[in-house]
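Number of protein chains: 2
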Amino acid sequence: MQVSNAQLIDGGRAIEVGLGGKPHRFHALWLRDNARDAATRSPGNGQRLITILDIPADTRIAGATAANGTLSLTFEPEGTTIDYDARWLARHAYDAHPRREPGWTGPEIERWDGSLLNRVPSEAWRDVTSDRCALGRWLAAVRRYGFAVMTGTPTEPGTLCKVAELFGYVRETNYGRWFEVRAEVNPNNLAYTNLGLQAHTDNPYRDPVPTLQILACLENSVEGGESIVVDGFRVAERLRAENPRWFDLLSRHAARFAYEGSAGLRLRSKRPMIELGPDGELLAVRFNNRSLAAATDVPFEDMDDYYAAYRRFAELIEDPAMEVTFKLQPGELFIVDNTRVLHARKSFSGTGKRWLQGCYADKDGLYSTLAAIEEEGPLEQGSIA
Amino acid sequence: MQVSNAQLIDGGRAIEVGLGGKPHRFHALWLRDNARDAATRSPGNGQRLITILDIPADTRIAGATAANGTLSLTFEPEGTTIDYDARWLARHAYDAHPRREPGWTGPEIERWDGSLLNRVPSEAWRDVTSDRCALGRWLAAVRRYGFAVMTGTPTEPGTLCKVAELFGYVRETNYGRWFEVRAEVNPNNLAYTNLGLQAHTDNPYRDPVPTLQILACLENSVEGGESIVVDGFRVAERLRAENPRWFDLLSRHAARFAYEGSAGLRLRSKRPMIELGPDGELLAVRFNNRSLAAATDVPFEDMDDYYAAYRRFAELIEDPAMEVTFKLQPGELFIVDNTRVLHARKSFSGTGKRWLQGCYADKDGLYSTLAAIEEEGPLEQGSIA
Numbered sequence: 001m002q003v004s005n006a007q008l009i010d011g012g013r014a015i016e017v018g019l020g021g022k023p024h025r026f027h028a029l030w031l032r033d034n035a036r037d038a039a040t041r042s043p044g045n046g047q048r049l050i051t052i053l054d055i056p057a058d059t060r061i062a063g064a065t066a067a068n069g070t071l072s073l074t075f076e077p078e079g080t081t082i083d084y085d086a087r088w089l090a091r092h093a094y095d096a097h098p099r100r101e102p103g104w105t106g107p108e109i110e111r112w113d114g115s116l117l118n119r120v121p122s123e124a125w126r127d128v129t130s131d132r133c134a135l136g137r138w139l140a141a142v143r144r145y146g147f148a149v150m151t152g153t154p155t156e157p158g159t160l161c162k163v164a165e166l167f168g169y170v171r172e173t174n175y176g177r178w179f180e181v182r183a184e185v186n187p188n189n190l191a192y193t194n195l196g197l198q199a200h201t202d203n204p205y206r207d208p209v210p211t212l213q214i215l216a217c218l219e220n221s222v223e224g225g226e227s228i229v230v231d232g233f234r235v236a237e238r239l240r241a242e243n244p245r246w247f248d249l250l251s252r253h254a255a256r257f258a259y260e261g262s263a264g265l266r267l268r269s270k271r272p273m274i275e276l277g278p279d280g281e282l283l284a285v286r287f288n289n290r291s292l293a294a295a296t297d298v299p300f301e302d303m304d305d306y307y308a309a310y311r312r313f314a315e316l317i318e319d320p321a322m323e324v325t326f327k328l329q330p331g332e333l334f335i336v337d338n339t340r341v342l343h344a345r346k347s348f349s350g351t352g353k354r355w356l357q358g359c360y361a362d363k364d365g366l367y368s369t370l371a372a373i374e375e376e377g378p379l380e381q382g383s384i385a
Numbered sequence: 386m387q388v389s390n391a392q393l394i395d396g397g398r399a400i401e402v403g404l405g406g407k408p409h410r411f412h413a414l415w416l417r418d419n420a421r422d423a424a425t426r427s428p429g430n431g432q433r434l435i436t437i438l439d440i441p442a443d444t445r446i447a448g449a450t451a452a453n454g455t456l457s458l459t460f461e462p463e464g465t466t467i468d469y470d471a472r473w474l475a476r477h478a479y480d481a482h483p484r485r486e487p488g489w490t491g492p493e494i495e496r497w498d499g500s501l502l503n504r505v506p507s508e509a510w511r512d513v514t515s516d517r518c519a520l521g522r523w524l525a526a527v528r529r530y531g532f533a534v535m536t537g538t539p540t541e542p543g544t545l546c547k548v549a550e551l552f553g554y555v556r557e558t559n560y561g562r563w564f565e566v567r568a569e570v571n572p573n574n575l576a577y578t579n580l581g582l583q584a585h586t587d588n589p590y591r592d593p594v595p596t597l598q599i600l601a602c603l604e605n606s607v608e609g610g611e612s613i614v615v616d617g618f619r620v621a622e623r624l625r626a627e628n629p630r631w632f633d634l635l636s637r638h639a640a641r642f643a644y645e646g647s648a649g650l651r652l653r654s655k656r657p658m659i660e661l662g663p664d665g666e667l668l669a670v671r672f673n674n675r676s677l678a679a680a681t682d683v684p685f686e687d688m689d690d691y692y693a694a695y696r697r698f699a700e701l702i703e704d705p706a707m708e709v710t711f712k713l714q715p716g717e718l719f720i721v722d723n724t725r726v727l728h729a730r731k732s733f734s735g736t737g738k739r740w741l742q743g744c745y746a747d748k749d750g751l752y753s754t755l756a757a758i759e760e761e762g763p764l765e766q767g768s769i770a
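In order, the protein sequences belong to chains B and D. Counting with the numbering used here, you get residues 1 to 385 for the letters of the first sequence. Counting with the numbering used here, you get residues 386 to 770 for the letters of the second sequence.
Bound-form chain B, shown alone (with noise of 0.2 Å):
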């Protein structure tokens, strides 16, 4: 990458410089702090050896000098020269700030609805325990979608956590590694009976809640039960667009959410049904009717319209045209992004059996696992061997 018209800014506070043709200005703070040599950064694992301490306050760029894709800068006092890689500073530049609508979400994520139905992204276990690139496009889905099936798992007790160990670690609970999935009686928890589910997120009453759920099924020869994902994110997309006002109450005011369903369990938690972060970013969606708890957080003011904007967010989870419905089979299993994406679950009956397994985890390890294997080449179709 062309490095070109280096010119320093406020006596050497900062510095413009051309990157491929583009201008971007650097601070000498920022430039140092971020500095790359071995002297800053341990060349074995990366991690910086000094702190923001060991920086003069003020530090300044004296020179500056371009060759070859790489800008030399000199910083005084330190009177220390540190160089840098044009496209590593290209791609952290910081100077075109873009102004983004609340509940803005990155390129990497593409919301959906129903019509997603002809196109549920799904791998073979066959393929994703073989070929990195298989996994590797199976962890870009949960990504991109927020959910992707798998096909043709061994259908033994506890192959769900395999597929968790494929990309990160389980997220063991009160549940247990794993737990089962089928009508009981006397159920601690309502997804342990025949009834349908309302789409929900789960264990928003978790905080950290966790940020993966794999749904593997061993058996289903019931009548119903059909698995259904909706995309929260789409949702509250939708509800920005009807209602900018709803939204905003939903972000803006924490919900509660609790579960006390046995001894010795009192799990709370205050978190809103839509998250932002402090920039707007769309972080979280969590929704769940059985565990929410009474509302205490919303001023009475604005209580009428929280309980408005509650139900318009469910009458839109609730909208046929949001739906993608699958039913699984032996061997079938399903993993959600459950910070995005509610899952529900038809009523069911008849004489047959339905025994599904669920497990949790995080997804710190899955994109982890997918940005190393994106570092390793591209995704298409047998590329990685």
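None of these hints come from the bench; they were simulated from the model. Check each hint, because a few of them may be wrong.
Stated by the list, open to error - BS3-like mimics (lysine-lysine), calculated; alpha carbons at most 27 Å apart, straight line: (1) B:Lys270 / D:Lys407; (2) B:Lys162 / D:Lys547; (3) B:Lys327 / B:Lys353; (4) B:Lys22 / D:Lys655.
In this text, all values refer to a predicted model and were calculated from it rather than measured experimentally.
Chain B is already provided as a structure; the job is to place chain D on it using the hints.
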């Protein structure tokens, strides 16, 4: 609790009622949604059996009677009458909505500085494993101070996982269920050297971040190697008192964290150093010089001030007046709330050996177990057998 003066508001869309002599307003929808009768909530597991869409949008209260601490309400158009416990209503009242400053915390949290050294919360392994009350006190200390010491634990490898299992579940990561902290050749993490480590929270490059960390000592015969803890919530409070704009900059703009120290590992996150809930509640502090990545979410115009804020935050963290220092002996461990309390290590040398083990866990289990123990009775010494 006395119930008095029930008066319908707005044609029954809300009600005003005296609870223990204090007037409170509740909305008809809120009351109907939060009913605890057997048709609304499962008597067995407490989960809600209906959804918001089962409740008519035009729900109103048609009649109210009070007797013996119970408020009975008749709802139209459902035509159903439901009883409410006055104490439950008073506990969940939302009418008086407090105005709070950004960075507020609840009454269960006590911020501290170095003067806590004289009353470091500590319990013995023998007690917490035999006395629910001692365990409750230890967990309550974690909630109040964000850390606690345990003495007299077995010095067998892996004991720290048994400590986590006293209240919850280990969060397994790429470092394992637990990990060894001792000086290594070619370490993949600077923690595995004899260098001092600046006070930090662990794994901010993970999302969700592990919310608890346990560090247990098996051997510590070196010179140096003391442990230090610092209350990040107190530091954030000091920063805001000094300069509200700096507090605002660190909470309003996301930082980036990354750890790419091993092949196959590309952990990256985007979260602010000071995380607030939508109502300004202080939720988490993240601080780690080793894994802080380049800030790319701060506008150019704010970057100089952002760095000034970050520098001052670091200075306050390093202020000796904020530190509680102790040297772990074999069989001693400490737990930190990794979303609040930073920990540091002094460098060490000499002929001896320093061998710690670390593991992660999550606060949901800890708070749940603590709440369950608190329901059993008060936590005074010996009050629970």
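Structure-based check of each hint:
1. B:Lys270 / D:Lys407: 26 Å, holds
2. B:Lys162 / D:Lys547: Holds, because 24 Å separates the two Cα atoms, which is no more than 27 Å.
3. B:Lys327 / B:Lys353: The given pair, whose Cα atoms are some 13 Å apart, holds under the 27 Å limit.
4. B:Lys22 / D:Lys655: 26 Å, holds
Of the numbered hints given earlier, the model fails none.
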